[in-house]
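A.B. asks: Work out the full structure, taking the sequences as your base and the hints as a guide.
Start counting the sequence shown at 112; every next residue gets the next number (this note's numbering).
The set of hints was computed from the structure by calculation and includes no laboratory data. Just so it is clear, CB atoms sit at the ideal spot from N, CA and C, and this is done for glycine as well. Please note: incorrect hints may appear among the correct ones.
[Said to hold, decoys possible] Have a look at the derived ranges for each label pair, beta carbon to beta carbon:
{"#": "1", "residue 1": "Arg-318", "residue 2": "Ala-156", "range": "56 to 62 Å"}
{"#": "2", "residue 1": "Glu-139", "residue 2": "Gln-373", "range": "51 to 57 Å"}
{"#": "3", "residue 1": "Ala-156", "residue 2": "Gly-194", "range": "29 to 35 Å"}
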Amino acid sequence: MPYLEEILKRQEMDNEIFHIKKAITKGEVIDDTNFDHLKTNLFVAEGIIFVKDGDKNLSLILIKDREEYVVNAHNDLLGGHVGFDKMKAQIQQVAYVLDLNKIIRIVQERCGRCAQSAQLTNKSDTFPVQLMPTAHQICQRWHADVKGPAMCNGKKRFIVGATEALSKFMVAKIVPNKEAKRIMNFLIKHVICQFGGPDIITADQGRELNEKIGNHLFKMMGIRRIRTSRYNPRANGEIERRWRVTSNFIKKHTETLEDAEQLLPRAMFMINNMPNASTMMMPSYLMFTFMPAGISNYKNFNPTGLTDKQTQIIQREKERLRQIDIVRKNLMEKELTRTNYYNTKHAQIKLLKLEIKF
Numbered sequence: 112m113p114y115l116e117e118i119l120k121r122q123e124m125d126n127e128i129f130h131i132k133k134a135i136t137k138g139e140v141i142d143d144t145n146f147d148h149l150k151t152n153l154f155v156a157e158g159i160i161f162v163k164d165g166d167k168n169l170s171l172i173l174i175k176d177r178e179e180y181v182v183n184a185h186n187d188l189l190g191g192h193v194g195f196d197k198m199k200a201q202i203q204q205v206a207y208v209l210d211l212n213k214i215i216r217i218v219q220e221r222c223g224r225c226a227q228s229a230q231l232t233n234k235s236d237t238f239p240v241q242l243m244p245t246a247h248q249i250c251q252r253w254h255a256d257v258k259g260p261a262m263c264n265g266k267k268r269f270i271v272g273a274t275e276a277l278s279k280f281m282v283a284k285i286v287p288n289k290e291a292k293r294i295m296n297f298l299i300k301h302v303i304c305q306f307g308g309p310d311i312i313t314a315d316q317g318r319e320l321n322e323k324i325g326n327h328l329f330k331m332m333g334i335r336r337i338r339t340s341r342y343n344p345r346a347n348g349e350i351e352r353r354w355r356v357t358s359n360f361i362k363k364h365t366e367t368l369e370d371a372e373q374l375l376p377r378a379m380f381m382i383n384n385m386p387n388a389s390t391m392m393m394p395s396y397l398m399f400t401f402m403p404a405g406i407s408n409y410k411n412f413n414p415t416g417l418t419d420k421q422t423q424i425i426q427r428e429k430e431r432l433r434q435i436d437i438v439r440k441n442l443m444e445k446e447l448t449r450t451n452y453y454n455t456k457h458a459q460i461k462l463l464k465l466e467i468k469f
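C.D. replies: Spelled out as structure tokens, the structure:
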């Protein structure tokens, strides 16, 4: 994505934008076929034309620069080669691109890396989904899991990770083995010591998270452990879904797994700094009330922004609390929709089997 200086430079050289800017400055009616639907939302600040979208000010991307802009975003080192929804949400945080959906699909269809790593998601419909209780506080529940093994630098390596249930914030690390002691050290160092002891830790049936050392740690810290059923692999889906995203990210940015240790932090950055499909919010912002800028990202210009630092901190915290409440509602709606969908599908399959028997 170009920086604001680059956008300003390109807008100044475009004849269409020149006439739009002139009309806005003089208070005249904007007569432009491409952006006629935006004429009430366009404004000029610091010489740049922005589009007002709710509480966001999006820089207007030129018609001729749209595909280049999306390609640069798609190839971003920290957040590139993600799915359609994540790419759309990422761009819509800072810029307005006309016919964005169409352009993203074209760019992704042409991307060789995305085509090579594309995979179908096969889900079992034998058992209906069990509804996991929605977390009501940040760091109340974490989902932990171990992925692997995979060959890295000629040796077997595992990835141990944990996802916070409400914000969807994720932490992960590559380890040489999945011994219980090593996995517990990860949880202590990267979860408990950084975010505090959670009320609940959810894990699958893996021995590394269910041995004596883990039982002793959870009992000592008053942490309740939920073990998901081996017959319902979706029960720990909070972390399972992110393994697929992490694996795809590494595949798309290297031909081998030799650079996995260097790529994993970038994968975590991408997951934590893009709007989540369920919450519609960025995990890092919900966790820290701060959105770090990526290599090609820039801070959104806000001409009416606050200048007093203390007031800004207070306002950010208020906004964070408001968004957490929205996240809870979004999660509950998504979980109910998902549960109803799979349970209805399960009932249809069961009825079909009965009809076949008769």
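A.B. asks: Decide, hint by hint, whether the structure agrees.
C.D. replies: Consistency of the hints with the structure:
1. Arg-318 / Ala-156: 56 to 62 Å: 58 Å, holds
2. Glu-139 / Gln-373: 51 to 57 Å: 54 Å, holds
3. Ala-156 / Gly-194: 29 to 35 Å: Once the Cβ atoms are compared, 32 Å apart, the range 29 to 35 Å for Gly-194 and Ala-156 holds.
Of the numbered hints given earlier, the model fails none.
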